[in-house]
Amino acid sequence: MIRDKLHIVLVLPNIMESIAIKKLITDCGIIAGFSEFPDIHQLIHYLSNHSPQYIFIHQSKITPENLDNLNMYNGKSESLCFIKVGESQINHTEKLFRHVLDTQKNENEIMKQIVHIFEPVQPATRLIEATGLSQREIDILKQVALGMTNKEISEHLHISMHTVITHRKNITAKLGIKTIAGLTIYAVLNNIINPEDVEM
Amino acid sequence: MQFTRDIKMADVIHINYMLLTILKRFNIPLGFGDKTIEKVCRSHDVNTDFFLEIINSFHDKSYFPEQNLKAFSLELIVKYLRNTHDYYMLEKIPEIEGYIEELIQNCVTENKPNLSMLKKFFTDYKQELNEHIKKEDEMVLPYVLEIDKAYKNNTIDKPLYDKIKNYSINDYEDEHENVEDKLFDLKNIIIKYLPPLQNKNLCNTILIELFLLERDLNDHSRIEDTVLVPKVDQMEQELTKMYESDQG
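Chains as they are written, first to last, in this note's numbering: chain A, 1 to 200; chain B, 1001 to 1248.
Hints in this document: simulated from the structure, not taken from any laboratory.
Keep in mind it's a predicted model, so treat the numbers as computed, not measured.
We put the beta carbon where it would ideally sit given N, CA and C, even for glycine.
Some hints could be false.
Facing chain B, a subset of chain A residues (Cβ under 10 Å, in silico) [as the list claims (entries may be wrong)]:
no., residue
1, T26
2, M148
3, I177
4, T179
5, G182
6, N190
Derived lysine to aspartate or glutamate pairs resembling EDC-like cross-links, with alpha carbons at most 16 Å apart [said to hold, decoys possible]:
no., chain 1, residue 1, chain 2, residue 2
7, B, K1061, B, D1225
8, B, K1112, A, D27
9, A, K22, A, E107
10, A, K169, A, E137
11, A, K178, B, E1180
12, B, K1200, A, D27
13, B, K1200, A, E107
14, A, K169, B, D1181
15, B, K1112, A, E137
16, A, K178, B, D1181
17, A, K112, B, E1110
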């Protein structure tokens, strides 16, 4: 269950703004790698051989000329999203920008904007690095979380009770979670089961 | 080190602030100036020897004065255990519940459903702990007092004899474990698996409270299992022997 990190690019006027935005994104549970550039010229150079998913550009960095250069990336890839960052009354006329991020709002409002921007990202990309569980262990964890007994699991997966018990011991040792209720939460957090599948 | 009656109460807290919760359980308020343990205990009508054994056994796990603690009356031990139960159910658990609720209220990210799941987990835990404690308060501790009374009066009737034969204090020793596992899981879920929370201070507060609660519960079980159970077990044996020889 190793997933690719998101790749986010920032073109912002100063270090304070860049630190703040990175922190807010991380606080939203987004795990990402960041690249930063001082201007759009360098950004365009970088885009010729990299494909980030999100690009945050401050309004002060945009000129009609460099906007033309950026427009060639518009619609080129579904997974590439441009966000315009700016103070209040930010105008949003360019088609290039899918979202605007108004930095004059209060913290909660800004968080909501960021959550909205990253909504299309699969929850899987937001969470958790490798668990160390084997595919077989994940299969068994899934059954446990769905409320099946050891006997039912052994019948369902055509393995002996003894094997089921050994797997369960290993899962508990690897995850540090002992109870079924705890394993269920782990399974939901990691998209191994859907929250609707269990009575939570 | 071991605390003795002539140490200043203020120094006890400086040495180990974890003992603050114990003071509360004995209804001893702060503001003791330079008074010694003995003086403070006496002015609040607390048995000094018993107080010392409790704080020493909490302070140092390797110090376990079973013989000394067993010398105290069961009434004293039962009263202390009941106060501790109240402390968990009426204070600590609702406090942690409040923190979790606050975390949910403050959360605007998609972590919110995860936090609700955590809350449900904690509510279930509370339910289990409550059942366990209720059983102790309503069945085990009254039984203990009944044994204590019979032992002091040196008499045992048939109903009590039957009761001992049906339910011995040793059965109760096995019942502690499950509740502890849930607390262990909850900590690990927050530390290892929950996506990072915005409100890190509150999150840390919750974790610290869970660690403290876990430690307190462990010490509490230790007193029950190593003081209460052996003491009652011994009384049960003597009472049974007495009844049987009377009959025979």
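Hint check results:
no.	hint	result
1	T26	holds (7 Å)
2	M148	violated (19 Å)
3	I177	holds (5 Å)
4	T179	holds (5 Å)
5	G182	holds (3 Å)
6	N190	holds (8 Å)
7	B:K1061 - B:D1225	holds (14 Å)
8	B:K1112 - A:D27	holds (13 Å)
9	A:K22 - A:E107	holds (14 Å)
10	A:K169 - A:E137	holds (10 Å)
11	A:K178 - B:E1180	holds (10 Å)
12	B:K1200 - A:D27	holds (10 Å)
13	B:K1200 - A:E107	holds (15 Å)
14	A:K169 - B:D1181	holds (14 Å)
15	B:K1112 - A:E137	violated (28 Å)
16	A:K178 - B:D1181	holds (6 Å)
17	A:K112 - B:E1110	holds (10 Å)
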